[in-house]
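**Student:** Protein chains in written order, with my numbering: chain A, 19 to 229; chain B, 19 to 229; chain C, 19 to 229; chain D, 19 to 229.
For the record, the hints were derived by calculation from the structure and aren't laboratory data.
Any given hint could turn out to be false.
One copy or any two copies: either way a pair holds, since identical chains are not told apart in the list.
Within a straight-line C-alpha distance of at most 20 Å, the following computed SDA-like cross-link-like pairs (lysine to any residue) qualify [as the list claims (entries may be wrong)]:
{"no.": "1", "residue 1": "91", "residue 2": "77"}
{"no.": "2", "residue 1": "61", "residue 2": "183"}
{"no.": "3", "residue 1": "61", "residue 2": "50"}
{"no.": "4", "residue 1": "91", "residue 2": "209"}
{"no.": "5", "residue 1": "91", "residue 2": "206"}
{"no.": "6", "residue 1": "61", "residue 2": "137"}
{"no.": "7", "residue 1": "91", "residue 2": "157"}
{"no.": "8", "residue 1": "91", "residue 2": "164"}
{"no.": "9", "residue 1": "91", "residue 2": "102"}
{"no.": "10", "residue 1": "61", "residue 2": "46"}
{"no.": "11", "residue 1": "91", "residue 2": "159"}
Number of protein chains: 4
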Amino acid sequence: MGRSRLEAFSDGVFAVAITLLALDLTVAGPEGTGSLTDQLQEKWPAFLAYLISFFMIGVIWVNHHALIRQVTKVNRTLLFLNLVLLLFVVLIPFSTAIVADYFSRHNWDTRVAMMIYGGVFLGMSAAFGAIFEWTLHGERMYQPLPPEQHWPARVRFVSGGLIYLAAIVIALVSDVASFVLIAVTAVYYVFERTPSSPGASDGGDEEQPVT
Amino acid sequence: MGRSRLEAFSDGVFAVAITLLALDLTVAGPEGTGSLTDQLQEKWPAFLAYLISFFMIGVIWVNHHALIRQVTKVNRTLLFLNLVLLLFVVLIPFSTAIVADYFSRHNWDTRVAMMIYGGVFLGMSAAFGAIFEWTLHGERMYQPLPPEQHWPARVRFVSGGLIYLAAIVIALVSDVASFVLIAVTAVYYVFERTPSSPGASDGGDEEQPVT
Amino acid sequence: MGRSRLEAFSDGVFAVAITLLALDLTVAGPEGTGSLTDQLQEKWPAFLAYLISFFMIGVIWVNHHALIRQVTKVNRTLLFLNLVLLLFVVLIPFSTAIVADYFSRHNWDTRVAMMIYGGVFLGMSAAFGAIFEWTLHGERMYQPLPPEQHWPARVRFVSGGLIYLAAIVIALVSDVASFVLIAVTAVYYVFERTPSSPGASDGGDEEQPVT
Amino acid sequence: MGRSRLEAFSDGVFAVAITLLALDLTVAGPEGTGSLTDQLQEKWPAFLAYLISFFMIGVIWVNHHALIRQVTKVNRTLLFLNLVLLLFVVLIPFSTAIVADYFSRHNWDTRVAMMIYGGVFLGMSAAFGAIFEWTLHGERMYQPLPPEQHWPARVRFVSGGLIYLAAIVIALVSDVASFVLIAVTAVYYVFERTPSSPGASDGGDEEQPVT
Chain A
19 MGRSRLEAFS
29 DGVFAVAITL
39 LALDLTVAGP
49 EGTGSLTDQL
59 QEKWPAFLAY
69 LISFFMIGVI
79 WVNHHALIRQ
89 VTKVNRTLLF
99 LNLVLLLFVV
109 LIPFSTAIVA
119 DYFSRHNWDT
129 RVAMMIYGGV
139 FLGMSAAFGA
149 IFEWTLHGER
159 MYQPLPPEQH
169 WPARVRFVSG
179 GLIYLAAIVI
189 ALVSDVASFV
199 LIAVTAVYYV
209 FERTPSSPGA
219 SDGGDEEQPV
229 T
Chain B
19 MGRSRLEAFS
29 DGVFAVAITL
39 LALDLTVAGP
49 EGTGSLTDQL
59 QEKWPAFLAY
69 LISFFMIGVI
79 WVNHHALIRQ
89 VTKVNRTLLF
99 LNLVLLLFVV
109 LIPFSTAIVA
119 DYFSRHNWDT
129 RVAMMIYGGV
139 FLGMSAAFGA
149 IFEWTLHGER
159 MYQPLPPEQH
169 WPARVRFVSG
179 GLIYLAAIVI
189 ALVSDVASFV
199 LIAVTAVYYV
209 FERTPSSPGA
219 SDGGDEEQPV
229 T
Chain C
19 MGRSRLEAFS
29 DGVFAVAITL
39 LALDLTVAGP
49 EGTGSLTDQL
59 QEKWPAFLAY
69 LISFFMIGVI
79 WVNHHALIRQ
89 VTKVNRTLLF
99 LNLVLLLFVV
109 LIPFSTAIVA
119 DYFSRHNWDT
129 RVAMMIYGGV
139 FLGMSAAFGA
149 IFEWTLHGER
159 MYQPLPPEQH
169 WPARVRFVSG
179 GLIYLAAIVI
189 ALVSDVASFV
199 LIAVTAVYYV
209 FERTPSSPGA
219 SDGGDEEQPV
229 T
Chain D
19 MGRSRLEAFS
29 DGVFAVAITL
39 LALDLTVAGP
49 EGTGSLTDQL
59 QEKWPAFLAY
69 LISFFMIGVI
79 WVNHHALIRQ
89 VTKVNRTLLF
99 LNLVLLLFVV
109 LIPFSTAIVA
119 DYFSRHNWDT
129 RVAMMIYGGV
139 FLGMSAAFGA
149 IFEWTLHGER
159 MYQPLPPEQH
169 WPARVRFVSG
179 GLIYLAAIVI
189 ALVSDVASFV
199 LIAVTAVYYV
209 FERTPSSPGA
219 SDGGDEEQPV
229 T
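Working from the sequences, and respecting the hints, build out all of it.
**Tutor:** Laid out in structure tokens, this is it:
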């Protein structure tokens, strides 16, 4: 099983999922009630959720590539873990659509929607963590992480997951606070430059020769 | 006709089909009847069918790659057989949506839906078997299967197809039993490690150098 | 402009278009009128049109690849001609859906639908012919077609286009006859082995080493 | 972070976005009011908008490739800028659908629709300009643009953006004039041969060896 086709298939899924996000950006059109401006204004949570989910998928794709290009050997376990990761990636347009649909209600349903939104990101984060854990064992990386960095890296991963878990718990009380937490996390990931962050072994913004 | 573009096209179709699966995961939204939780609970067969079909497509993709990377020569017959395989892969979101729509009814329509669901997997299995058969003749593989393993491999393939045939026949009597059989088959394929299984010539969970 | 990315982009469009075909295969579901079997039976033109369009896109993809892999130099004219080809490929799911919607009516609208269906294939055929014509000039092919074969090849191309033109004209009188003509053409292309057919320079069913 | 996977992911997004454009080309079908010919005639703005957006995405894809293949080093800033570009590419089917829906109204909503249509192209143009600006600094290109050409190139880029800005401003007064301006721009870009245009360093229609 070559790494290149694992990447090609994953890239395809990432590309389709990120593009399908925009399918939920629809307006009722001239037959609907209200002017186009009104319809768009009502839809602002859909646009915001689109933006957040777009960059979330983008960040996962960047990290996925940074990690997988280090992999020396592909086996069925990695393929399966990768499928689980993609399973959650593919669910992002669905969870984004639910948030967009229910956001302006600010009732219990909105909070359930936010829990699902956070839950899909939590699942994705867990699957990515499992792939990372897989890379730590055996001689599976070209440049293996030194053993003394395993636990710090794991702690960082669990912290990432804890943010999504916090967003889920906070959604029980406030959908807005939960949404803000996930939005801030997305912005943080986009601008994050920590060279030592897992999957960012290409040294943050250091430039890398093309491979 | 290069193998690489056959793989690229097939990967694209697999990636789009696996992502389109999630398009059927929709809820009626705030305008629909019932809370979001109710709507999601009613939709559980859709989620379960999504999960099964997702891993089915994932497994086919893994096996497709394991088989095609062994192919030394691409001809029009292989391209045609591959198209037939993709024809059934592309039908999976459709058959999954039908099962999801009719599952909770438990009437004759549900059984018809299960027969279609099993039928699409049967067609896919037959097309994959035909590609495998094609690889057995001529010098079409880098590491051809020894002749004495041809019949055992064929028997395994026919067995796989017989499971889907059984699921179709069982659906005449019980849609639930048919669904459980296909679900168990999906789980089996995901966790299967048999190194000698056709298309799994990369040795189950043995690690393989990246090519 | 590398050929590899031209192929990658084209493969992506072919893969998405062939998969989107199946999006039109929907049934009204339990809320619709009639049993699932009835709904599926009513939909048979959709399934037949899906089948024909699927293999048409498949055949174009095969021929596209066979032609493009021979190209030594990529310029803006080729990119533009390729975009025009893809424009028609992307229209195939649309024209297929129209035929599927109107086929069982057998009225003037059905004939208009068939004219659109044939028209999209005609446009595609013309665009492919233009790409082929482009390859005949300059030193644009690794194995250029000998000059004495230029006119026979052009005649074959125009013949192909004439079939679609005939299908459009016949649709003025009989939608069924037009549909049968296109269906027969699709079957012919799938099983065609003519080694000298343009774009099939890989010798029909002769086996080719993997490149 | 290899350039090849940046290209693969971007190609996937371009391919899906260009194919999704056609999803908006639907007719009400036999249940709708009016004959198929009437329905198609009413839909002509959708077809025209489809055509324009198709070639716009095609042109961006060509320019994107011409620019990225020159890049020697990929860093997180480029990945982020590329994501922003793709964000606008993915919005094109949405803005195209809005124009198609509102075009025949010729009221304020149509002008808002045209402003959104122009706005998405403006955003895309700005993101592409930012990527181009990024390539000017450090040793990021195999064949860096000579310093004395930096400002002329920037002026050309800003001019391109100014056209979209003009289309947005003109839309305040006339939706038709705004639409014509964007249509003319699309046609211009398709037939443009300026060898010195940024991202067209492959020399307009000069033929390039395949890489």
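**Student:** None of the hints should be skipped; say for each whether it holds.
**Tutor:** Hint check results:
1. 91 / 77: between (24 Å within a copy, 19 Å between copies)
2. 61 / 183: neither (27 Å within a copy, 24 Å between copies)
3. 61 / 50: Answer is both: 13 Å inside a copy and 18 Å across each meet the 20 Å cutoff.
4. 91 / 209: between (31 Å within a copy, 19 Å between copies)
5. 91 / 206: neither (32 Å within a copy, 24 Å between copies)
6. 61 / 137: between (23 Å within a copy, 17 Å between copies)
7. 91 / 157: Intra 8 Å, inter 28 Å, cutoff 20 Å: intra-copy only.
8. 91 / 164: within (18 Å within a copy, 26 Å between copies)
9. 91 / 102: within (19 Å within a copy, 31 Å between copies)
10. 61 / 46: Both: 10 Å inside a chain and 17 Å across chains, each within 20 Å.
11. 91 / 159: within (8 Å within a copy, 22 Å between copies)
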